[in-house]
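Top line first, the protein sequences correspond to chains A and B.
Positions 1 to 208 (our numbering) are the ones given, in order, by the first sequence.
Positions 1 to 340 (our numbering) are the ones given, in order, by the second sequence.
Since the hints were derived computationally from the structure, they do not count as laboratory data.
You may find that some hints are simply not true.
Stated by the list, open to error - Far from chain A, by Cβ distances over 10 Å, these chain B residues were calculated:
1. F115
2. V127
3. F149
4. A152
5. T153
6. Y154
7. A181
8. V276
9. P306
As the list claims (entries may be wrong) - Below, a sample of chain A positions facing chain B; criterion: calculated Cβ distance under 7 Å:
10. L8
11. W174
12. I178
13. A181
Said to hold, decoys possible - Computed beta-carbon distance windows for the label pairs:
14. G136/B / L193/A: 47 to 57 Å
15. N163/A / L283/B: 48 to 58 Å
16. A204/A / K84/B: 19 to 29 Å
17. I197/A / W81/B: 48 to 58 Å
As the structure is a computational prediction, the values presented were derived from the model and not from experiment.
A virtual CB, placed ideally from N, CA and C, is assigned to each residue, including glycine.
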Amino acid sequence: MVDNTPTLWYEFKKGLWQDIPPFRLVLGTCPTLAVTNSVINGVAMGLATLFVLICSNLIVSAIRKYVASQVRIALYVVIIALFVTLADMFLAAMFPPISKALGPYVPLIVVNCILLGRAEGFAQKNPVMPSLMDALGIGIGFTLSLAVMGGIREMLGFGSFVNFKLLGEWFEPWIVMILPAGAFLVFGGLVALVNYISHRKTAAGTNP
Amino acid sequence: MTDKTTENTETKAASAAGPKAEKLIVSSSPHFLNTESVPKIMHTVVMALFPAVAASVYFFGFRALLLVLVCVASCMLSEYWMQKIRKKPVTVYDGSAIITGMLLALTLPPSFPVFGAFLGSFFAIVVGKQLFGGLGFNIFNPALLGRAFMQATYPVLITTWTSPRTVGHAVDAVSAATPLALMKFEGKLTPLMDLFVGNVAGSMGETSVIAILLGGLYLRYKGYINWKLPLGYLGSMAVVGGAFWLADPARYPSPLFHLFAGGAMLGAWFMVTDMVTSPVTPLGQWIFVVLGGAMAVIIRLLGGLPEGVMYSILFMNAFVPLLNKHTRPKVFGEIKTEQS
């Protein structure tokens, strides 16, 4: 870190581009690949993760001084699992179709490396406010990433956007895009694009 | 890759280093001089593909020619575009993109939409070739990768076949099943003579065995392909297919049917022999073709798809680096050392 006391705004902002989870940290790729065959599924997954991330970051940060380091991982997993269960039950009760579409991937948020990564890498070392901003930034960045993935795949795979028929009858849907292979193709393309843009940015920053 | 197959290079090297060689030239390998160049080889392959293209136009009308032209033009454009972006020398005219386009077109059904042909060509060149680093660095055969992408993208369109001599001749193209699909799903066998001449439904270029054989033998005559690869692949298909046939002749087709139907000939003569994506060591080549041919027949007879040539070649392509590494012949004078 360049600045010894990064601002809260910085903690929020870094999740949106600099540390955007699936593309820069390459964390949480399992849901990124598995549930992004439509925008709605992607956003629902992202919001569920955002909720769990905020709660777990807050609690981990609040109790950070009272946790024996030998048992911290187990404790974090229990905390995360609590909120994942809440999110899972909430989705199942309020939005059954989405819950059905996401299938086992909501319970699997427990093992999403973003959550443990933020708890271990950030929340346990920082006060509550920065941890909250970190969770917001990373969670929103994750949600946006899934929305972009879902947008591209839904557009090419179904010819629609948020279930709204965007492309006309002439468009022959690319079946591959809603299959796992399409997820890998889009993911690879987006990682390359994000790297390309940030390389350009750093090059422009260092050699004005 | 300008190298020809290992066997040929060895004989060339031996003749070059005959009694006349007096000067001691110390250089890194390869130690042979060869007047061959990439454009020369590639243009010969283009020539060799002409009979298959001509047959496809004869059987499927000018729609086939249109698809070939679209694929070739899209491949060349994609190559030009990618090389400009990557700031590499533009080698569109070396002919390798033309071959990719022709091969891809020959694996498509004649009624395939033009946009799909463009998309497949684009994918073949950009993802299949240029993203790996261009000619000589690609792991998979670009044309087959483009075709595999099309298979996943338009699974219905790419299996919509028309019977020969109807496209462009009749008002409506008559849809028909390929000999392999007839065999697999309805248990009907197509006469071998029709398969040999090419008067059957199927991908544009893979129907006519005789046209492909002409091109393949021409390439063999010019010394650009190693006989091991096509014959080993076809032989393996015949042996494995024959084993099934002997076990249950009522249920499984004869080995000749396997050789003449579907993409076996096109794959064996033009795709297995791709210099970039086939092994260079003799043992590696044998493993490559024997496993590839066996897998093609097994996919055909036991798998879910009627045709297995494409996936068998792509699958074996993935093993080529491994095969090259582990089947390296012993260097003369090499002392065997214990692997740590």
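We went through each hint and held it up to the structure:
With a minimum CB-CB distance of about 8 Å to chain A, F115/B fails to clear the 10 Å threshold, and the non-interface call is violated. With a least CB separation of 8 Å from chain A, V127/B falls inside the 10 Å interface cut-off, contrary to its annotation. Against the 10 Å criterion, F149/B falls within the reach of chain A, whose nearest CB is about 7 Å from its own CB. Some Cβ of chain A comes within 10 Å of the Cβ of A152/B; the nearest lies about 4 Å off, and the non-interface call is violated.
A cut-off of 10 Å between C-beta atoms contradicts the statement that T153/B is not in contact with chain A; the least separation is 4 Å. Some Cβ of chain A comes within 10 Å of the Cβ of Y154/B; the nearest lies about 6 Å off, and the non-interface call is violated. Every beta carbon of chain A lies more than 10 Å from that of A181/B, the smallest distance being close to 19 Å; the non-interface claim holds. Its beta-carbon lying about 22 Å from the closest one in chain A, V276/B satisfies the requirement of being farther than 10 Å from that chain.
Against chain A, the non-interface label of P306/B holds: every CB pair exceeds 10 Å, the least being about 18 Å. Hint status for L8/A relative to chain B: violated, with the closest Cβ pair at about 40 Å, above 7 Å. Hint status for W174/A: holds, given a least beta-carbon distance of 4 Å to chain B, under 7 Å. For I178/A, the interface hint is violated, since its Cβ never comes within 7 Å of a Cβ in chain B; the closest pair sits about 10 Å apart.
Checking A181/A against chain B: minimum C-beta separation of about 6 Å stays under 7 Å; hint holds. Hint check: G136/B to L193/A, Cβ distance near 26 Å, so the stated range 47 to 57 Å is violated. In this structure, N163/A and L283/B meet the distance hint of 48 to 58 Å, their C-beta atoms being roughly 56 Å apart. Judged by the Cβ atoms, the range 19 to 29 Å given for A204/A and K84/B holds: they are separated by roughly 22 Å.
Taken as a hint, the range 48 to 58 Å is violated for the pair I197/A and W81/B, whose Cβ atoms sit roughly 20 Å apart.
Violated hints, listed in ascending order, are 1, 2, 3, 4, 5, 6, 10, 12, 14 and 17; each of the other numbered hints is respected by the structure.
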